[in-house]
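S.K.: If you read the sequences in order, they're chains A, B, C and D.
No gaps in the numbering here: position 262 of the first sequence is 262 in this note's numbering, and each next residue is one more.
No gaps in the numbering here: position 516 of the second sequence is 516 in this note's numbering, and each next residue is one more.
No gaps in the numbering here: position 381 of the third sequence is 381 in this note's numbering, and each next residue is one more.
No gaps in the numbering here: position 12 of the fourth sequence is 12 in this note's numbering, and each next residue is one more.
Hints are computed from structural coordinates only; laboratory data are not their basis.
Predicted model, so just to flag it, every value in this text is computed and none were measured.
Any given hint could be a false lead.
Stated by the list, open to error - Calculated lysine-lysine pairs in the DSSO-like style (CA-CA distance at most 27 Å, straight line):
hint : chain 1 : residue 1 : chain 2 : residue 2
1    : A       : Lys-28    : A       : Lys-135
2    : A       : Lys-138   : A       : Lys-181
3    : A       : Lys-16    : B       : Lys-44
4    : A       : Lys-169   : B       : Lys-509
5    : A       : Lys-98    : B       : Lys-509
6    : D       : Lys-173   : C       : Lys-519
7    : B       : Lys-39    : A       : Lys-244
8    : D       : Lys-147   : D       : Lys-217
9    : C       : Lys-240   : C       : Lys-95
10   : D       : Lys-238   : A       : Lys-187
11   : A       : Lys-213   : D       : Lys-238
Said to hold, decoys possible - Pairwise CB distance ranges, derived in the manner of DEER restraints:
hint : chain 1 : residue 1 : chain 2 : residue 2 : range
12   : A       : Arg-32    : B       : Trp-91    : 55 to 61 Å
13   : B       : Leu-108   : A       : Lys-111   : 54 to 60 Å
14   : C       : Pro-382   : D       : Gln-351   : 42 to 48 Å
15   : D       : Leu-96    : A       : Glu-217   : 32 to 38 Å
16   : A       : Lys-104   : C       : Leu-121   : 39 to 45 Å
17   : A       : Glu-217   : C       : Asp-472   : 44 to 50 Å
18   : A       : Lys-16    : B       : Gln-96    : 54 to 60 Å
19   : A       : Glu-143   : C       : Asp-422   : 55 to 61 Å
20   : A       : Arg-92    : D       : Asn-353   : 44 to 50 Å
21   : C       : Asp-275   : D       : Asp-59    : 24 to 30 Å
Stated by the list, open to error - So these bits of chain D aren't anywhere near chain A, every CB distance computed over 12 Å:
hint : residue
22   : Asp-10
23   : Tyr-68
24   : Asp-80
25   : Asp-141
26   : Lys-175
27   : Thr-178
28   : Gln-206
29   : Lys-207
30   : Ser-216
31   : Thr-244
32   : Arg-328
33   : Ile-340
34   : Gln-378
35   : Asn-418
Ideal placement from N, C-alpha and C gives every residue a C-beta, glycine not left out.
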Amino acid sequence: MKFAYFPGCKIPFELKEYGDSFEAIMKKLEVRLIDLPFNCCGYPSKNKNLEISVLSSIRNLALAEQQGLDLITPCKCCYGQFKHAIYFWNNRTDLRIKINKTLKNEGLSWKGETQIKHLLSFLYNDFGLLKLKHKITKPFSNEKIVVQYGCHALRPFSITGFDDPFAPKIFEALVNIIGLKNLEWSKSTECCGNPIYETNKKLSLKMLGSKLKTASETGAAYICNACTHCQIQYNFMVMEQELKKFQITPVLFTQILGKAMGLTKNELGIINTDLFNF
Amino acid sequence: MIIKALTIAISLSLIGFLYQFFSFIKTNKTFDKKKWRMKNLSIKSFSLNSILQTKLFKAGKIRWLMHLLVASGFLYLVIFHALDDVTSSYWFQYYQPTVDPFQFLRNLAGIFVLIGCVGFLCRRLFFFKKLKKRKIQFKGLFSILLILSIILSGFLLEAVKIISEPVFMEMVEEYSDIDEGTDLVDLKIYWEKNYNAVFNEPLLITPEKLAIGKELNENFCIDCHSPIKSAFISKSIAKALKKPSIWLNYHRIDNLLYYVHYFLCLLIIVSLPFSRLFHIFLIPVASLEKNLKKEQLDQTLGYINTATLYACTNCGFCSDVCSVFPNFLITKNINTLPHAKIESFKKLMNSAPVESKALYMLQSGNGECTYCHKCTDICPSGIDLQNLWVLLNQKLSLKGYQDNYTFINNLSLEKWAKLAPEKEKTSSTQGKTTQLADNVDSFENCIQCTICTNVCPVVEHDIDGNDYTPQQVLNLLRLGKKHLATGTRMVWNCLTCFSCQESCPQGIKVADIMIELRNNGNLRADALKLENFTKAT
Amino acid sequence: MNKIIETDVLVIGGGVTGTGIARDLSLRGQKCILIEKSDLNAGASGGNHGLLHSGARYVGSDPKAAVECKNELEILKKNAGHCIEDTGGLFVAVKGDDEKYIADFPGMCKKSGVYCKKIDLVLAREIEPALSNEIIAAYEVNDASINPFKISIENINDAVLRGSQYLSFSKIVGFKITNHSIEYAIVINQNNGKTYQIKARTYVNASGAWAGIIAAMAGITINMVLSKGTLLVTSKRMTKRVINRLRKATDGDILVPGGVVSILGTTSVRVKSPDNIYPTIKEVDQIISQGEQIIPALKTCRYIRAYSGARPLVSEGNIEDDRNVSRGFTLRDHQKDGVDNFITITGGKLSTYRLMAEKASDIVAWKHSIFSKCLTKEIPLPSTKSGEWSEPGVPINKPFKTETGNDPILCECEMVPQSAIDTLIDSIKQAKGKPDLKSIALRSRIGKGPCQGSFCSLRILSHMYDRDVLQDISDINDLKLFLNERWKGEQSLLWDQALVQSSLKEMIHSGLFGLELIKDPI
Amino acid sequence: MMIQKDTDCDVLVIGAGMAGMVASARASQLGLKTIQAGNSSALVFASGLFDLLGVFPIDSGEILSKPYPAIKKLQSDQPDHPYSKANQKQIEDSFLFLIEFLDSAGLKYHLPGTCNKQILTSVGTFKPTYIVPATFLKGCDLNKVGKNLLIVDFKGLRGFSAKQAASGLGDRKEKTHTLSIDLPENKGGLNPVHLAKSFENQEFIQKLSDKILGFSKKADIVGIPAICGIQNSFEIVKELEEKTGMDIFEIPGMPPSIPGLRLKNAFEKKISDLNTLFLSNAKIVFNAMEDDNFILQAINDNFETRIKAKCVILATGRFLGKGLFAQRNNVVETIFNLPIFQPKTRDQWHQLNFFDPKGHQINQTGLETDDTFRPLDQTGEPAFENLYAAGSILAHNDFARLKSGTGVCCVSAYLAVNNFYKKSHKMRNK
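Just chain A, same shape as in the assembly (with noise of 0.2 Å):
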């Protein structure tokens, strides 16, 4: 298999760690990445300017019809972003039009042909559960974990078409089958409060506090994420003293699946040694 792979803004350099163990499971699974000079999805532009995000998004996928690939990428806002681009490009004919001629004088052109996969829908819709269980050389032993499904994959489930919004069930699947024990969370569809932790770090930061503590609530030892940006909202847990009081602590899918498949630390690129006592 192979795709044109969608780091997005954050993970080069905010979350390397993301697109290095994202990189290597890829690998093992013998699914070829392959990297374009694509530009940002559009996902920040769109609380400024419609057109500006939708182009941005259809200019990527345009990039990547080129070379006849489709789209894969680990971040649920990029994957979310995607999707809205194509729906006001396919239902807002003033906007294509415009859009379609910015991207003439470029020298690009989109026919609408790209598909937009997230790791996760990738992983059990092309991927197949079964075909992924065999990978699985070191499963874990029953640690317990909660998953926080992305907003924007999740909602609107009308454009996504990610998975059931109200009672989702994919990530919980592919915790489980690599030997995880996945645990109910009321806060697990909530949103981490990343969007606007730029231009109200106090309500992002509340926002955060209760999703910590309801989840720790729930004796899970670890949140996975399968998204840069709720990642990176975890990982300000540590710079606020009344967060850091929490017992849990955030950890990225493509890592512990990588661990049990067998991969390394340094493959997975994990600085904190004493995460699943590597």
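Add chains B, C and D to chain A, keeping to what the hints say.
M.R.: Just chains B, C and D, lined up with the frame of chain A:
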């Protein structure tokens, strides 16, 4: 007199250096040095980048080669040629500018620099990937042209000396006991034949005369005047100059050229701290810094950051890879792109008068940055650009240029309501529009069940700070108060988590409307800011 | 023995005229008592377009009225600007309308000095995109829209401020007449059933449609003709200007914008009694089918509610179409009927209420031989706090919560906060009224939004229990009355979204709370 | 360029209200491959109380204490009422199934008996209902139990006043106290869901029970608005009871209703665990029949799903659920355009009095079905072999007035699925 000029030039450039240094200090009082960490310095990247230009190598092989040619060649010329009185003649007692290997090497170095500079020029003029198409001009040709002209003048000078009769006569007087007579003629013949010298009077060449000339040459000249062929460039230029030679010799153009050449050298010395050439000194400084995450940025020392501005050679690689390039395509705000931001930033630092509109553009441009670190990764000068953008934001907000969220947050909702655009006073909601917020059909089916409000995490966690609930925002729209709605905290705090939209039993696109309102709010805020600033100037 | 209240003037009827007279006389230094058998604007004053005619509508049928309208409009714009939205208006005709009338129209306007300017059809459709492309003529006029509730509230508030008194839910049951003049009026307080007497020097019968009934109590006959008009409220504002159909007055030919809605009307059906009249489905369909000829969108748009009012007309002889009865007002000094201190003012229209008040007050002043002339021309109508909530969406230019700390919005549709409800409850108490949902609704926008009281009624009711304004379970009937009042306006246009909304209402109030099982009080 | 997906299933349930949920619960539990489409928020309007039959005849104005005899009478009076297509056993079974299913999802109801209960509502009226959530149980038939009562409300929780609720108990001889709690969080209105969430937090429970303990002398049973937690309300109420030593019960109020939300979550979780695909907010379009399979299109904003279904359960509800659409002069069915039983003209739709004892004729509109809940076409024959209808879309069923909402949904949905299941099995056995 030449020495005087030299001393003046050097002192000028020294003053320049000092001036720059202090301006860095001055403009960065705001940074508290306590947070400074030694571990934020990286010796490795420092040495690698400043000596081998590794980052440049990553950025582009050919460009790296060109740069290497220029650097090595120019370095050689400066040390062994410009400063020969204190270097070469001191190290090698047989040194003469006209003996090999020096003569040969000089030409070689010259040609290196020449090729390099031409390469630079071509790239700047023809090979900008995305940007060229959009006629974005890059400054900084000055230094390249300067160097180029120095080298050319050098070659010319040499060539003219070669053909020059007066120079020949001076040498004869100085280094030989040949006086007027046949010997001189023989030597002239030999030189005309082998050294491309050109003489006024017609000389008829015979083997005997040549033989004698050769002998004389071996007696007097050969020790300090290697055969001309090693000066392979000048020689060919000299050949080309045969025709106008008489005129040239008569007017002693060689002296003129000498002064030109010398003057240009002085010029380079003076302009050093102010031209792009400054990067020679600052790239090491820039590469000394580790790239830090946004959260640790206060651990860096401000003046190093802003000093690194001058390590920029304005090569434009950053803008080629910039993540928010599409934003520029729409907003047409050049200050979205790194290479332009650096220039404006410099202006800002030099406390040169910048009119507020430009600063506003800079702010809105810089606001687009997603901190994807691509520019920093590619920057050949090893500048931590991303770090600079954060500083830029701080400085601008200190000057009162905030992002729209802060702008609207600082206004009370009443104030904001007063700033409604005229046309919204009586809203007749007819006519087609793709804007959800303008089209009653997109929200009039609301049955007031408050589910959207109840599932909203912002309302849940922000009971005191929040003003209206999602459903009340919809009601504001229905009551024809769109502008008011664009200013509500609800709209600006919305996480776009889409819970409301997913849950609405009437299928109203609540979150999409929120986002749209935020867009409209941004538009209005931008307009207002612009008004204020244009008023200000 | 019943208690006796003494006053200079007793004004009967709390419509625009009554409140107008109360203010006018107070300005002339007379103490008035205004009594109203239910509450403000219960009659025609509440059941109309809220249109301030430029006069153009009457240039054909009634030039005198036209001129009155024109002058009054200018005065009101000057003095009561905060109750008026100066929308401007259009007269448009569509294919099939009476060509002759169209041709004569400008001339007739000129004759009565009413402004009207022909504009070409393309421009007309540009400034009013909602207009049909069938239109064949369009004239610009000076119409404006007014909020009749606000104008009454402000009038009475000002009168009370100047020493007069307003008694709501107080019904006249009879007059005591001794030698050709009324000695006192017998009044019953509808809330507690107590009767008492009001002794005044002069009695003004400004009870609009009820004028005949009141006059009869003094043994005087006025043959009233009551013509019911029904109007529809759209959920969104269809046009910027008032749109009139350019033809002889018939059904569904005026569309008046007010705030964010538009009001479409009207019909004319002869009715016996002015009490409990409501819109019928036949009327609604008739109005829409007429209205959609000028504004096609009226066919598909959502309607929030419908309501009816009875035009009080005084007939001389018999008439076929009540619209052709003079819309000028009738002012009778009953001296000639043998009752010296009793006058009746009725008929007329909202646009000229001030003039009517002035003329009536003049007679009273003459009777009291005071010679201070009318001041309502000069002195502007002040704007008060309890008035502002009757404005659609006007007061919400600031978030209530951050402002007053703890001030939840009780009516979400129209964004009426708890504090506003409290203000209104207090002002009603001052007027000796019994605060209940209906009287609050009269003074505010509650229940007027799309949800038609399904939610706000419950929120406000529980708040009133919290404040001990209500205590007993039987007070739940207040809720039933309120919902039924709303229902009167809804039931005739329940299809599409409106039906969705009302079925939710049914599920809550009947399905869950089982209100229909509560026995009505006898 | 919409993304196209293809899928097939045994049962497609259209609608995610009470009936829809029961249908897909039953179907997926029977092991049928099920797809459900709709918007589950409708359940947030549900009070969480399961009515069977609270009033009969409609204009009796009396509350029934024993539903089943009345149902017998109803079945003889109105043969086309949905109940007339089921016998008492089936009705009891369906409720039993519903309660067990919810119980397996962690939502506790008490087992059905033979009598109606009377529940105090937030406006002080008494609502007749059949089965209540465990957290409501102690509040049933208050006017009979001779206990001193405390009713708690929260300042800023709009539409719920302890005093108002208490006013409904005015004629009891025992005392009724009220307590109004002002929370620090309350700045300009609390929302039920958010308040309910704070019940899941220990400190909050502590604070609350301390406040209540102040009345421990005066009252021995406490009524709280129905907002005691979302996930594990039963445990929370238990905990409150332990902390205070008094009986605690919840009082239903205006929507959004938390008991409804609990139902929603319970159904969604369990049904999704049974691998039912849920297409949220999908618009269903019926294309054609393909050898007695339905071919339908589920259209979402960004993608279309082509569904091949052996059986379709039509649980799209009435007007609120968009199952029926009212044009200005008639009512139509929105997906299969089936004939609708309805009054002749619009002026027969509603009464002039909103609370008219006879109820509004529009609430009798809907689909008429055969005895296995298959909607009929003009000829009076089943419109499709395997199309079933369930819930409020069924005609002759003014559930709001008869207080029979959940009953009709539950019974019809449960039986509809059973009928299809039986039929398809007979097929296979042949």
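S.K.: Now, for every hint given, state plainly whether the structure supports it.
M.R.: Tested hints:
1. A:Lys-28 - A:Lys-135: 8 Å, holds
2. A:Lys-138 - A:Lys-181: 15 Å, holds
3. A:Lys-16 - B:Lys-44: OK: Lys-16 of chain A and Lys-44 of chain B at ~21 Å, within 27 Å.
4. A:Lys-169 - B:Lys-509: 25 Å, holds
5. A:Lys-98 - B:Lys-509: 24 Å, holds
6. D:Lys-173 - C:Lys-519: 22 Å, holds
7. B:Lys-39 - A:Lys-244: 25 Å, holds
8. D:Lys-147 - D:Lys-217: 12 Å, holds
9. C:Lys-240 - C:Lys-95: 23 Å, holds
10. D:Lys-238 - A:Lys-187: 23 Å, holds
11. A:Lys-213 - D:Lys-238: Holds - the C-alpha atoms of Lys-238 of chain D and Lys-213 of chain A are around 22 Å apart, at most 27 Å.
12. A:Arg-32 - B:Trp-91: 55 to 61 Å: 58 Å, holds
13. B:Leu-108 - A:Lys-111: 54 to 60 Å: Holds, at about 55 Å.
14. C:Pro-382 - D:Gln-351: 42 to 48 Å: 44 Å, holds
15. D:Leu-96 - A:Glu-217: 32 to 38 Å: 34 Å, holds
16. A:Lys-104 - C:Leu-121: 39 to 45 Å: At roughly 41 Å between Cβ atoms, Leu-121 of chain C and Lys-104 of chain A fall inside 39 to 45 Å, so the hint holds.
17. A:Glu-217 - C:Asp-472: 44 to 50 Å: Hint holds: Cβ distance 45 Å, inside 44 to 50 Å.
18. A:Lys-16 - B:Gln-96: 54 to 60 Å: 58 Å, holds
19. A:Glu-143 - C:Asp-422: 55 to 61 Å: At roughly 57 Å between Cβ atoms, Asp-422 of chain C and Glu-143 of chain A fall inside 55 to 61 Å, so the hint holds.
20. A:Arg-92 - D:Asn-353: 44 to 50 Å: Holds, since Arg-92 of chain A and Asn-353 of chain D (Cβ atoms, about 48 Å apart) stay within the stated range.
21. C:Asp-275 - D:Asp-59: 24 to 30 Å: At roughly 26 Å between Cβ atoms, Asp-59 of chain D and Asp-275 of chain C fall inside 24 to 30 Å, so the hint holds.
22. Asp-10: Holds: least Cβ distance 19 Å, greater than 12 Å.
23. Tyr-68: It holds; Tyr-68 of chain D is separated from chain A by about 35 Å at its closest Cβ, greater than 12 Å.
24. Asp-80: 36 Å, holds
25. Asp-141: 33 Å, holds
26. Lys-175: 38 Å, holds
27. Thr-178: Label holds. Min Cβ-Cβ 31 Å, cutoff 12 Å.
28. Gln-206: 15 Å, holds
29. Lys-207: At roughly 17 Å from the nearest Cβ of chain A, Lys-207 of chain D sits farther out than 12 Å, so the non-interface label holds.
30. Ser-216: With a cut-off of 12 Å, Ser-216 of chain D remains clear of chain A, as the shortest Cβ separation is near 29 Å.
31. Thr-244: Holds: least Cβ distance 23 Å, greater than 12 Å.
32. Arg-328: 29 Å, holds
33. Ile-340: 28 Å, holds
34. Gln-378: 35 Å, holds
35. Asn-418: Holds, because the least Cβ-Cβ distance between Asn-418 of chain D and chain A comes to about 25 Å, which exceeds 12 Å.
Comparing the model with each numbered hint stated earlier shows that all of them hold.
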